[in-house]
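**Student:** Chain by chain, the residues:
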Amino acid sequence: MINKVLVANRGEIAIRIFQTLREMGIESVAVFTEADAAALHVRSTDQTEKIENYIDPGEIIRAAQKSGADAIHPGYGFLSESPSLSSACESAGIIFIGPHTKTIQSMGDKLESKRLMQRAGVPVVPTWDGNPPESEFPVLVKAVGGGGGKGMRLVDHPSQLSEAISAASREARNAFGDERVFIEKYLRSPRHIEFQILGDAHGEIIHVFERECSIQRRYQKIIEETPSPALAPQLRARMGEAAVAAARAADYVNAGTVEFVLNPDGHFYFLEMNTRLQVEHAITEMTTGLDLVREQILIAGGLHLSRTQSELQQTGHSIECRIYAEVPEENFRPDTGVVAVYRPPSGPGIRLDSGIQEGSEVGFHYDPMLAKLIVWASSRDAAIERMKRALSDFVVLGVRNNIEFLHRVISSEEYRTGKFDTQFLDRQPDLLNASTNDIPPAARIVASLDRLKTTSGSGQMFTDVWTSGAWRNS
Amino acid sequence: MTDEIHWESANHGMLRLDGRTIGFTIHDRDATGGWIEIDGKSQRFYVHRKRDLVEVWLGGRTYRLVQIRKGQESHDSGEVRALMPGRIRRIEVSAGERVAARQPLVIMESMKMETTLAAPADGTVAGVKCQVGQTVEMGELLVVIVRSTSEQL
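Protein chains in written order, with our numbering: chain A, 1287 to 1760; chain B, 244 to 396.
Derived from the structure by calculation, the hints contain no laboratory data. Note that CB positions come from ideal geometry on N, CA and C, so glycine has one too. One or more of the hints may lead you astray.
So the derived list for chain A, only partly shown, Cβ under 8 Å to chain B, looks like this [stated by the list, open to error]: (1) Leu1589; (2) Leu1591; (3) Arg1593; (4) Glu1615; (5) Glu1616; (6) Thr1622; (7) His1693; (8) Arg1694; (9) Ile1725; (10) Ala1728; (11) Ile1731; (12) Ser1734.
Sequences are here, hints too, so could you generate the full structure?
**Tutor:** Here you go:
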């Protein structure tokens, strides 16, 4: 059995894993870098180990050995999908809370994973090694070792292909140390729908339903929900079966995610498999009652899955919004600074997975995600209303953020209808801009109140004139 | 639209708006915020001051305000500053040029991303304070714009 787990990650996901470990009575170890010495995840556990960086498997193993951890949870990002950490764990006799090294390897290779799925009878997006026929354009150039939109190019015409391949290769080499790219058919208006799967060491594999991830910016998800408004029960069942077949083809053990694209014609295609816990796993937990981190730890300890496929069912509707330190109104540029005021929402059906607290410094070293706001309600409409309420109660000052933008998206008619695809933002460019720049009198009064406090005593009368911050960049 | 705010004590004052005079009161003020009552209606607020920028959270929105000093209203100048450390990639305007609100002024590269700094309002470029290729710090002055017409008091 597992007695002590080192979490090879930071921020909200490290804290979220610590929470389950504590509930299970398992000790936890945090790792942190110089830049993260004052980070919240370091304060959220009893034992800590300082490291140089989060992506050196040797350092992670040494930290685990020094702290006496018998297992490592990689979280997401960093080393979670690198076979180097799982194989180093095997050599060191430490349990890796994730799939086998060979599964990570074959699923990490976007070409090999597709070949494997094709053999298993799972539909895949058409792919070419060389030049596709002209009739197949537009196509996407994608990195073999990649994800997250890096090393990816949309090509409209064959004449632009060689230049796009060179650019994507360069980007892929910088981002992943692997310059290999391939060409994939570009689907014009697909939805991005993924299935959570769980597999144990005894060969049992189940799916834990879908997550709708079509609302994206720069190829990164910003709002996820489950169930997907696009799936009728029959289609859900077919995709779920395909997801289990995909996991079986990969000899999958532990928690993983099978990503599909769904075409408007109802055809779906395997895109890739993520061999780790997803950022958006919480919406699955909210609608099924499962704790996916707990399942991961039980599976890694050699236990059977806690539920069978027929025992699982979804209740209600859950939505997640990713709160980023970024400015949607200025082309989503990331922002940095100190979080001066931080008041997350609370109330029925609200969950917050947060990596920061008031006073936290948001730097440029790591991903600008501050927190994940997750709501649950009995229906999709009720979940939307709850998310709107929660976002409008969420206070973050000191660092620019996307909360108001998320509120505009969630409040839009296009979102409410549920009829959207991955082009959602391209079709609704107005959502990028604030609905109004008018400053209400109360805000001017509050601004001058602060001035009164710092510059004058009570009883003094004066007039202040204020203008919008949009006028002067600061 | 600007308005006149008269403080009569530390937590009470009068607002003159469109010819009307409205009383307001601040309740339960602490280090980060409080409640503001205007016309009998109370709203939660939070406030954070960073140099001459004030962020005010009110009713689910964050307003970013910068003070204009008395006498500046008619020949208002806007300073466009670097939003983060980085390098100047391109400069799209030169001194004396008329610009429209949102027109790109300077393209910066920081953290491997390009950011376009745009004109905050219609006006004239009073000066370009940076050069292509230059490395700049956050907050460094890049371009000065003089607003063509000012909002009236």
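**Student:** Does each hint fit the structure? Answer for all of them.
**Tutor:** For each hint, the structure was consulted:
1. Leu1589: Violated. Min distance 43 Å.
2. Leu1591: With a closest approach of 42 Å, the Leu1591 (chain A) hint is violated.
3. Arg1593: Where the cut-off is 8 Å and the nearest Cβ of chain B is about 39 Å from Arg1593 (chain A), the hint is violated.
4. Glu1615: Hint on Glu1615 (chain A): violated, closest Cβ of chain B at ~11 Å, above 8 Å.
5. Glu1616: 7 Å, holds
6. Thr1622: 7 Å, holds
7. His1693: 7 Å, holds
8. Arg1694: 11 Å, violated
9. Ile1725: 5 Å, holds
10. Ala1728: Holds. Min distance 5 Å.
11. Ile1731: 6 Å, holds
12. Ser1734: Nearest chain B Cβ about 5 Å off; hint holds.
Of the hints listed earlier, those the structure fails to meet are numbers 1, 2, 3, 4, 8, in rising order.
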